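Peer 1: So the chains spell out like this:
There are 2 protein chains.
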Amino acid sequence: MTFRKLKKIERPTPADIDIAQSVAPLPIDEVAAAAGIASSELELYGPHKAKVRLQLLERLADAPDGHLVVVTGITPTRFGEGKSTTTVGLSQALGAHAGQRVFTCVRQPSQGPTFGIKGGAAGGGYAQVIPMEEFNLHLTGDLHAITAANNLLAAALDARMFHEATQSDEALYRRLTEKPFSLVMRRRLAKLGIDKTEAVALSPEERRRFARLDIDPDTIAVRRVLDVNDRFLRGIRVGMAETERGHQRDTGFDITVASEIMAILALTTSLSDMRERLGRIVVAAQRGTGEPITADDLGVSGALTVLMRDAIMPNLMQTLEGTPVFVHAGPFANIAHGNSSVLADRMALKLVGGDGYVLTEAGFGADIGFEKFVHIKCRASGCRPAAAVLVVTLRALEMHGGPEGGVRAGAESNMARHIENVRKFGVPCIVALNRFRDDTDEALQTVCAVARAHGAYDAVVAAHFGEGGAGAVALAEAVMRACNEPHPPAFRMLYPLAMNLRDKVQVIAREIYRAKEVTFAPEAERKLEWYESRGYGRLPICVAKTQYSFSHDPARFGAPTDFVLPIRDVRLSAGAEFVYPLVGSIQTIPGLPTRPAFYDIDLDPMSGRIVGMS
Amino acid sequence: MTFRKLKKIERPTPADIDIAQSVAPLPIDEVAAAAGIASSELELYGPHKAKVRLQLLERLADAPDGHLVVVTGITPTRFGEGKSTTTVGLSQALGAHAGQRVFTCVRQPSQGPTFGIKGGAAGGGYAQVIPMEEFNLHLTGDLHAITAANNLLAAALDARMFHEATQSDEALYRRLTEKPFSLVMRRRLAKLGIDKTEAVALSPEERRRFARLDIDPDTIAVRRVLDVNDRFLRGIRVGMAETERGHQRDTGFDITVASEIMAILALTTSLSDMRERLGRIVVAAQRGTGEPITADDLGVSGALTVLMRDAIMPNLMQTLEGTPVFVHAGPFANIAHGNSSVLADRMALKLVGGDGYVLTEAGFGADIGFEKFVHIKCRASGCRPAAAVLVVTLRALEMHGGPEGGVRAGAESNMARHIENVRKFGVPCIVALNRFRDDTDEALQTVCAVARAHGAYDAVVAAHFGEGGAGAVALAEAVMRACNEPHPPAFRMLYPLAMNLRDKVQVIAREIYRAKEVTFAPEAERKLEWYESRGYGRLPICVAKTQYSFSHDPARFGAPTDFVLPIRDVRLSAGAEFVYPLVGSIQTIPGLPTRPAFYDIDLDPMSGRIVGMS
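For the protein sequence lines, the chains are A and B, in the order given. Once you know that position 232 of the first sequence is 228 in our numbering, the rest is easy, because the numbers rise by one and skip nothing. Once you know that position 422 of the second sequence is 418 in our numbering, the rest is easy, because the numbers rise by one and skip nothing.
Calculated from the structure, these hints are not laboratory results. Please note that a few of the clues may not be correct.
So the derived label-pair ranges between C-beta atoms look like this [stated by the list, open to error]:
(1) B:213 <-> A:398: 52 to 60 Å
(2) A:512 <-> B:214: 54 to 62 Å
(3) A:74 <-> B:166: 45 to 53 Å
(4) A:242 <-> B:486: 35 to 43 Å
(5) B:214 <-> A:182: 46 to 54 Å
(6) A:187 <-> B:213: 45 to 53 Å
(7) B:214 <-> A:74: 33 to 41 Å
(8) B:610 <-> A:242: 52 to 60 Å
(9) A:438 <-> B:189: 52 to 60 Å
(10) B:610 <-> A:284: 30 to 38 Å
On a predicted model such as this, the values are computed, not experimentally measured, just so you know. Just so it is clear, CB atoms sit at the ideal spot from N, CA and C, and this is done for glycine as well.
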């Protein structure tokens, strides 16, 4: 591959956007060619972004997979501990400095928060994905496709309820069958056990069953989405215009990345698999029968697939040192699994080949992101991590250790437990201690020693933020050693899918969070039973829990043990294929502060250069 | 240019999507090179779409402009009379058959209706823009960018009102000035006449004036938008979640193309012009003072520009016969001017050069689309049409003539008046009679004769739908003759901008619609006065009126004269730069029928081919 080391490093480290704009990106077709992507597999989106066609997987079907390395972290502070930065910096070290074949797979960030509080998510300092403006904004439109698809599904649901409420069985059936049964209608006929192909052949009872979804409004599971920090859309009442004749309903918007369609994009393995998953999305239950009503039943799943046809292709970008990056899918870590796409990982593993490395990031701390990476993503992808990198900062350890215990206590509690958790899965855990300017060598070495004492494969200080790939060479070497161990530990899941949903939640709560007990609210109990009875009992679990503590209480640092984990509610992502219990309340669309980031974001009209983005 | 005639024509004409998928598109970089676009000016979006950089206008600043030909139509039926088809077919005729340099500029269609009732808008039959799926779906994301920008503006407005309602002057000012005054804040300071650069320097009174926009909720002019046919969003109540503490408000969504930002995209002439226009959008009036509150005042206009940075570049596609097409901007003809972008026209005129032709389509009938093309778009662009093509069908003339008068009466009333109207502007009018399968030669020739008798420059039968460019060669020849007349008529506007708003409305109503009188509702009167008093009196007028009649009553066919045009309300697009009177009620977001088009749209998962789109 044709990487290039950074030419010039400034101190103190300049602003992210200034560093990002100071390096001219390589033409993306050159990055692609160096990574082994054929030009017929590439769809350019401007000079610095491209989509890669899935046919690459067919061409490389027999190629050996590279080593998959997952980057995770300890329980973070509100500032984040630099997982993305480490993922990118390690990639630069492996590629541009250690001469290895390497690919980095990261999540696409939500666009809305760029204009609110949070800065971008392209890494930081001298470890970034570039161009960072394009990374943080539209990219190639995947988030927009999800918004369009999700909202078509929601519109189809409300329109269908309206038409059912205002038309007789006969009129409804007549209008639905104005044209011959379409592909998706035949799916509904099959589900109903009606083996007829002509609309006229159905009996009145069959017509009624076909045409009346009879959706129970209290069970509706679909909300609309927008990729905007719009707090006033959290709770809304729709249908208030006269044309809707009083058919009002209370609902709300989530941020786009919280859409189930995003989780589907992240977990799907092919176009036909995506088609099936989209069709299986459960939008509500039928009144009386409790039968799940799906996107297939609404007749909209083919159209959703068409809207998502391009989004399924991973997006190719590059790091500051020219190593290739797939940016693909960014499911909301609060209510979904928070991992980038299965397809990007699979393609990258083939592209780097048997000796190469693929780095992929798992959102939040290892109690959430890494656990879901294994139990949900690895199950969907069939891939196995060769090693995990646990990102640690002194700042976070200090918080966990508290005013009395300090860094050492934080390391011995929070970090040690994350190391232990990772090792439960049979995955070697390498601690990457992200160096900050004021960190002392002594404190850093103490933490490394604690990490090794608690079972870390190795622990190294990394300085990629201020130095680029050169600052993460020691980390790269540790990763390479771990991946090439002659006798690696045996990888394992902590629960089998055959276990019932309740027990699976218990396993995660006890083994990973270390709760002494789990309680289920009556609503949660009821839904779990319903899921089991409708055939969703074999899905994995995706707990929606705060990232700021092993427990459900964000104020409990360190390694709490004496808590009871309360499951307030559970939800189903039948298309993405997981059940997600809610622990506490989860905000699914952020708001704007009094001075949002947008005040500082502007465009130099002469150069077209974006200013003020961070 | 390297065009290629269609190889095979089938009869009867196959479905649009089958024709579209039967022709392999040329690589878009070849189309670009043939059209004279430098590779450094091209940003590919996959193999068949590209954006063209505005720097092309600098390179070709001194090149002569080609002939600008605007395609318009008579008052249409509900099926449409084929303006897009004619625009595309004429392009194929001029380029692939008559050997001329030609460029076609069309609007980007709304994505939402593709899944509702309406079919695509890429032309039809053997006169289409391809790939038609990409034309009708995401294209290069311009509509998505508008959705994002419009909704960021709306979120900023509601969030600001919330923060003002829940914070003291002091707290508000302190939070707003946590960071130094940004570029956009300095605009507000300048507007308020405060000549200070440090936050601490402002007096308490100046701080209050700076921080309190004090928006009058009854005057809010911004609605949210989505590109989805979602009738339940027409009227909504926002702010119903507990976190918004009871600050509820009734509002609604429009379809994305109805956003003022779309109209701005269509009328802007450069990146810096777009920045200024976005900043000038009036979102509401201040309580008490009635001062217009703008996107600049909200501090969000720089961010809006950043979101629209790529959307400003026209999108290059091709016709079935390989002639180049710009697809750029599609302002909702119901409430905006319904014309494609000024930038696409300007670039195309330079690219074809002095002897070439640029075809551009104006939405709706000539009473609306052509009038706005001249008074709004030509004012913004500075371009002048050399000729207008008036699209006519026997079907529409029959409707206008009624059961007794028939086609001839329809031609002598509706068509004749449109010809007369076009000629009022000093533009030669060529009638293109769109041939349908069952049309008789006799009827067609009758209409041609009537057209010539009523002042048409020429009238020809066109059969591009069934024959491609070969079917529109006679039309192409008529257009070429008209554009090369040695003594062309003098182009003129029907009203000067200096005229007051009321009088401008009167001119359009009397000269174009032929109303005998215009009435203004009190609300309309009040607003017109407010606009005049705030400096918006010099804007052009964009009447929002039904397209199905010269009058405001869609049931009045032919050429009515004895009607009073009632102006119910008026609105302001200060960024797009027009005032739009509302005649009757305008639906700004469509709904889904009982069997929407999405039932038939699906994806062949094996080939990835889209099926069922029309």
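Peer 1: Take the hints in turn and mark each one as holding or not.
Peer 2: Okay, the hints, checked on the actual structure:
Checked against the hint of 52 to 60 Å, the pair residue 213 of chain B and residue 398 of chain A fails, with Cβ atoms roughly 48 Å apart. Here the CB-CB span from residue 512 of chain A to residue 214 of chain B is close to 56 Å, well matched to the stated 54 to 62 Å. Here the CB-CB span from residue 74 of chain A to residue 166 of chain B is close to 26 Å, at odds with the stated 45 to 53 Å. In this structure the supplied range 35 to 43 Å is violated for residue 242 of chain A paired with residue 486 of chain B, their Cβ-Cβ distance being about 57 Å.
Distance hint for residue 214 of chain B and residue 182 of chain A: a CB-CB separation of about 52 Å, consistent with the stated range 46 to 54 Å. The supplied range of 45 to 53 Å is met by residue 187 of chain A and residue 213 of chain B, whose beta-carbon atoms lie about 48 Å from each other. Distance hint for residue 214 of chain B and residue 74 of chain A: a CB-CB separation of about 39 Å, consistent with the stated range 33 to 41 Å. Checked against the hint of 52 to 60 Å, the C-beta distance between residue 610 of chain B and residue 242 of chain A comes to roughly 34 Å, which is inconsistent with it.
Between residue 438 of chain A and residue 189 of chain B the C-beta distance comes to about 58 Å, which sits within the given range of 52 to 60 Å. For the hinted restraint 30 to 38 Å between residue 610 of chain B and residue 284 of chain A, the CB-CB distance of approximately 37 Å keeps it satisfied.
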